[in-house]
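Asker: Can you build the whole structure from these sequences, using the hints too?
As given, the protein sequences belong to chains A and B, one line each in that order. FYI, the numbering for the first sequence is 1 to 295, going by the numbering used here. FYI, the numbering for the second sequence is 1 to 238, going by the numbering used here.
Treat the hints as calculated values from the structure; they're not laboratory data.
Examples of chain B residues lying across from chain A (beta carbon under 7 angstroms, computed):
| # | residue |
| --- | --- |
| 1 | M55 |
| 2 | D78 |
| 3 | F87 |
| 4 | G93 |
| 5 | F95 |
| 6 | S97 |
| 7 | L98 |
| 8 | L106 |
| 9 | P107 |
| 10 | P108 |
Please read all numbers here as calculations on a predicted model, not as lab measurements. Note that CB positions come from ideal geometry on N, CA and C, so glycine has one too.
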Amino acid sequence: MFEIFGIPSQALFGQLLIGLINGSFYALLSLGLAVIFGMLNIINFAHGAQYMMGAFAAFFLLNYAGLNYWFALVLVPFMVGAFGVVIERLFLQRLYKLDHLYGLLLTFGLALIIEGVFRNNFGSSGLPYRVPPTLQGGQNLGFMFLPNYRAWVIVASLLVCISTWYVIERTRLGANLRAATENPTLVRAFGINVPRMITLTYGFGVALAAFAGVMAAPIYNVSPQMGSHLIIVVFAVVVIGGMGSILGAIVTGFGLGVIEGLTKVFFPEASNTVIFIIMAIVLLIRPAGLFGRRA
Amino acid sequence: MLDTRAPLLAVNDLQSWYGESHILHGVNFAVHEGEVVTLLGRNGAGKTTTLKSIMGIVGHRTGSIRFEGHETIGLQSDKIARAGIAFCPEERGIFASLTVEENLLLPPVVKPGGLSLEQIFALFPNLKERLGSSQGTKLSGGEQQMLAIGRILRTGARLLLLDEPTEGLAPVIIQQIGKTIRALKEQGFTILLVEQNFRFASTVADRYYVMEHGRVVEGFANSELDAKAGTLQEYLGV
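Answerer: Here's what the structure looks like:
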């Protein structure tokens, strides 16, 4: 055990770890929001509710179908993503030509409805979800204790973020997506089914939220409000990173998680507001966000 | 010039709207396989709207557009593209977020018989040199135009719609585009061209249609050009 700036290493690295964990969720969720905003021009306010649905779906699979965490991690993104596809087909596709405000209001309403339904059925105290047996315990690194599950969350989230970035920025499919974001009419006139691509993109963004929800289930309680608590911070992350920027969402997500964690060590009173202070500063200096392109 | 074959593209009583504004008021013309046909007319006559209507990217359209005998008026633009029609827009439509190579490979192959990358580079040697370039929109105007034409040659589309491919380009580039269009015609492509540059059009076209106020008002072959010079001057104000 040693000290840095008068802070015991356990406390510093402990908060750094919590920062990285939170950052993993910020990154996954803001990535989903960025993908959806880039392609659909919709500010998906239901993202937090879809994250919560992911956690609940994992809970249901475990308790009613006997399918463990690993099954949930694979199945839940598809299940909740399919729910997203239905939402897009039924509602969102009617809004693309209108102002952002309509999409925001619609998804906000959806979020309230989804949350209300879950609160009505499961209360608001939260349900437990245990850490999968293979990831219980932890490693003593000498300067700190690292729980295995938390290490896994950071690695898995990084992997998913980097893969998503790779697919969008470096593959043919990603080139189609980027082109359709820029000029959907022309891309469609090349013979690419853009509406289907938009639907699947929304489904994918929602699936990312659900994936984050499954990963969150063993760390936070599975509760109907878990998404709405997180989503406000995630929106701040998206604004700081730049609306629609893939890399911006990932880097800012992890970065702000760490900054938030460090603030808890050095100036705990500001830890809940530091992200919003940064957001205000970024909005004043670079309104398009750190990684955003000027429209 | 009489051509008794069924036309590759037959447009009949085509009417188009952008929102409330009625742009095309019954356009009629036909393009036969292997031809280069040019739509002439002043600004606002409806030439670009005609191409966009064929491609299915105007808001509302009625009438009949038959391609290879099949009606396409009710189809969405991706289905029309898959039938074998490709579009090179006036503003070129090069994507800033895509590299030159990604831009070139973006339009999917819809039919067999498209050009290979090697054949495209033989037509546009500049493109091959610029392939590693990071951003499609960093190319010069001429190179962007070559990229915009080159990318639709891969797809196997048999009918190419080119909207003012020479606009804003240097004379030497215009010559190269003219050479390319003649080469494409030799390779069996059918081309419907919109041009303001009548001198350029006269070096590549087999036939012309003149548009005015959203209608085709005149059609003639290249051989009748001299006889029609007076009328043309009246229509185009050149």
